[in-house]
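**Q** Listed here are the chains, written in short residue letters.
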Amino acid sequence: MSSLTKIPAGVQYFFDDEVRLRRHVERQAMEVFAGWSYNEIIVPMFDYHDLFARGMGAERAERTYRFTDRDGALLALRPEMTSLVARTVATRFVHRERPIRLCYSGEVFRYDEPTERAAREFHQLGIEQIGQPSPTADIEVLLIAAEMLGSLGLNDFRITLSHVDFFNGVAKALEMNENNRAQLRELIDRRNSVALDEFLQTNAPSMTEERRRAFCQLTQIAGKGEAITKARGTLRNETSRTAIEQLASIYETLNELEMADHFDIDFGDAGGIEYYTGLTFKVYVPGCGNEIGGGGRYDNLISNFGKSEPAVGFSFALDGLVNAVIRNQNFQPTDEAGQTINLDGNLVQAFRQARKLRSQQTKVKIQ
Amino acid sequence: MLTIALAKGRLQEDALALFAKAGIVVAEEELNSRKLAVLSADQRFKFVFVKPGDVPTYVEYGVADAGVCGRDVLLEAKADVHEPLDLKLGYCKIAVAGRKEVVGQDYNLLATVRVATKYPNIATEYFHRKGIPIETVYLSGSVELAPILGLSDRIVDLVETGRTLRENGLEVIDVITETTARLIVNRASFHLKRDAVSKLISELAEALNPS
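Those protein sequence lines, which keep their order, are chains A and B.
The numbers in our numbering rise by one with no breaks, and the one at position 318 of the first sequence is 318.
For any residue, its number in our numbering is found by taking its place in the second sequence, counting from 1, and adding 367.
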C-alpha cells in the first residue's frame, strides 16, 4: 500500500473547521490558565528516556517511542509533560519564589496496548503548581479546571475526587503483599463488589463480615456528603482516615463556594497510586465515554530531580475537550469571508489594495 | 434513560428474564419484532441487541451506558469498563482442549504450540504465563474442527457440558478460567448518570439475591 493513502495507526491530520475548533478550545483554556497567573512553559518534544523513567516510573516509561541520539544515548518522544516541567522546576527554578505556576499545551506520544483503536499522539493541555501544600493549591487547581470547562460551555461536567491514601491505608491495614495489592486494586477499580467480597474473605480473614460488606459497598459509592459520612463510619485505619478528612475539607470548601454540584467524592477510584501522593481527580462530561482529563497531587515527583516539594496539577486531552464541545453545543467555528480582490490583469493595483486592507486588519482573498 | 447493550443469542433470554425479575420488563410484541432497539415498559431503559463480542465496545465508548456480556468476552476485549455485578447466568469454562493423544503430553518449551481459538488474547496470555511459545489461529466458529483436521495442536474455547468436545474426540486439558454473564457499566455514565445506574445495580442485585 502506498504511503500516500495510508497513515500510521494512532496519528491524525486536522484541517478546516476542525483546526479552528481545536485552536479555539486551546486558546480558551490557556486564557483561563493565564487568568490564574499560570505562565506557559515550552518544553522539548523529546528528551532522555531516563528522565521519563525517573519521573513516571519505569513501567510507564516503557510506553514511549524511543530512539538513539548520535552518541548512542537513549531518547524518547515525550509521553507526558509533567516530568519535563518537574525537572525544570527542580533545576532551573531552584531559587525562584514558591509557589511556581506553569501551564503547557502540546502533543505527547504514547504507545499503549492494546492500541489498535487508541491514539498514540495526543494534544495535552495542563497546569502544574509547585511549592504549595494541600488544600490551598488543590482547591485552586480544581477551580481552574471547573472554570476552563465552563468557559467552553461544558456546564454539565462532573469532577470526581479521590485520594490515594484511601486505598493505601486499606492495603496496609490488611497487610497485603504486592500481588494481592494489585488484585485488590483491580477489583475496586472495576467496582466488582461480589468478587471483592470473595477476595477479602480469602485474603483478609481477620475482617468481620459486617466490615467487609460495608467496605465493598463503600467502593461502589460515589457521592456527596453522605459518601464521606459512610467512609468515616467504615474505615478505621489512620492513613485512610486522614485521607477522608483531607477530601472532606476540600469538598467542604467547594461547597461553601457553591461549586459542590459539580464535584463527587469517589471511594472506588484506586488509579494512579504509584504516582500520586494525595488528592486525585477525574473529569467527565456527557457524550464522552471516558474521562477527558484528570490530575492530582504528586509530592514525591520533584524529589526525583532535586529536593522534595509539594506539587499538584492536571492535564486534559484536547481531543476530549473538542469532542465534548461538539456534542454539547454544536459549536460553529466561523471562517469569515473577508474581502475578495480581483486581479483583473493589474497586479500592482490589486496587491496595493490588498496591502491597504491588510493594514486595516481586514481579511483579504486574492482571486 | 439508560441504554443497555445486550448480547444476542446464548445469554439474551436469560438476561431479559433477570431484568424482568427486577421489574424491568420489555413487552412481548417488542421482542418479537425485528427491532434492534426496544424500550422497557416503564420507558426507563432502551435495550439494544448486539453481537456478544461487541457489547464491551458499545459500553466502553459510552454509546450504551451499561451492558450484559460474558466474562470471556470481557477478558478477550480487555475492555476498560466497570463490572459491578456477576449475574450468574450462562456459566461456562474457558478451557484448553486437544485430541486424546495429546492430553497427557508435555509441551515442548522450545517449539511453538499452535492454538485455534476465538480468544487469541486469553490463549496467548495463558500460554505465555506458562512460558510456552504460542501461535494463535483465529477462528470464529466450529473451533473443534481444527485439531481434527490438523490445523492446530490444541484449541482454547468455551466449554459448557463438554459434549461437543467428546463427540469430536477431544478432551479438556486444562481449565483456564470460568465465565458467567456480567453487568458492565461505562466509566463516565457511572458518574454522570449515577442515580439511574446505582438504581439499576441494586434492582438487579435484589433480583439475584432477594433479601
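Just so you know, the hints here were simulated from the structure itself, not pulled from any lab data.
A few of these clues could be false.
[To be verified] One-sided and incomplete, this derived list gives chain B residues near chain A with beta-carbon spacing under 10 Å: (1) VAL426; (2) VAL448; (3) LEU452; (4) LEU559; (5) ARG561.
[Claimed, not checked] In silico DSSO-like pairs for lysine-lysine, Cα to Cα no more than 30 Å straight-line: (6) A/LYS6 to B/LYS566; (7) B/LYS375 to B/LYS455; (8) A/LYS224 to B/LYS560; (9) B/LYS375 to B/LYS497; (10) B/LYS485 to B/LYS445; (11) B/LYS375 to A/LYS230.
Cβ atoms here follow ideal geometry from the backbone N, Cα and C, with glycine treated the same way.
**Q** So, for every hint listed, does it hold in this structure?
**A** A quick look at each hint next to the structure:
1. VAL426: holds, 8 Å
2. VAL448: holds, 8 Å
3. LEU452: Nearest chain A Cβ about 7 Å off; hint holds.
4. LEU559: With Cβ-Cβ at 6 Å, under 10 Å, it holds.
5. ARG561: holds, 6 Å
6. A/LYS6 to B/LYS566: violated, 47 Å
7. B/LYS375 to B/LYS455: Answer holds: B/LYS375 to B/LYS455 is near 17 Å, not above 30 Å.
8. A/LYS224 to B/LYS560: holds, 14 Å
9. B/LYS375 to B/LYS497: Given pair B/LYS375, B/LYS497 is violated - Cα atoms ~34 Å apart, limit 30 Å.
10. B/LYS485 to B/LYS445: holds, 14 Å
11. B/LYS375 to A/LYS230: violated, 39 Å
Checked against the numbered hints given earlier, the structure breaks hints 6, 9, 11 and satisfies all the rest.
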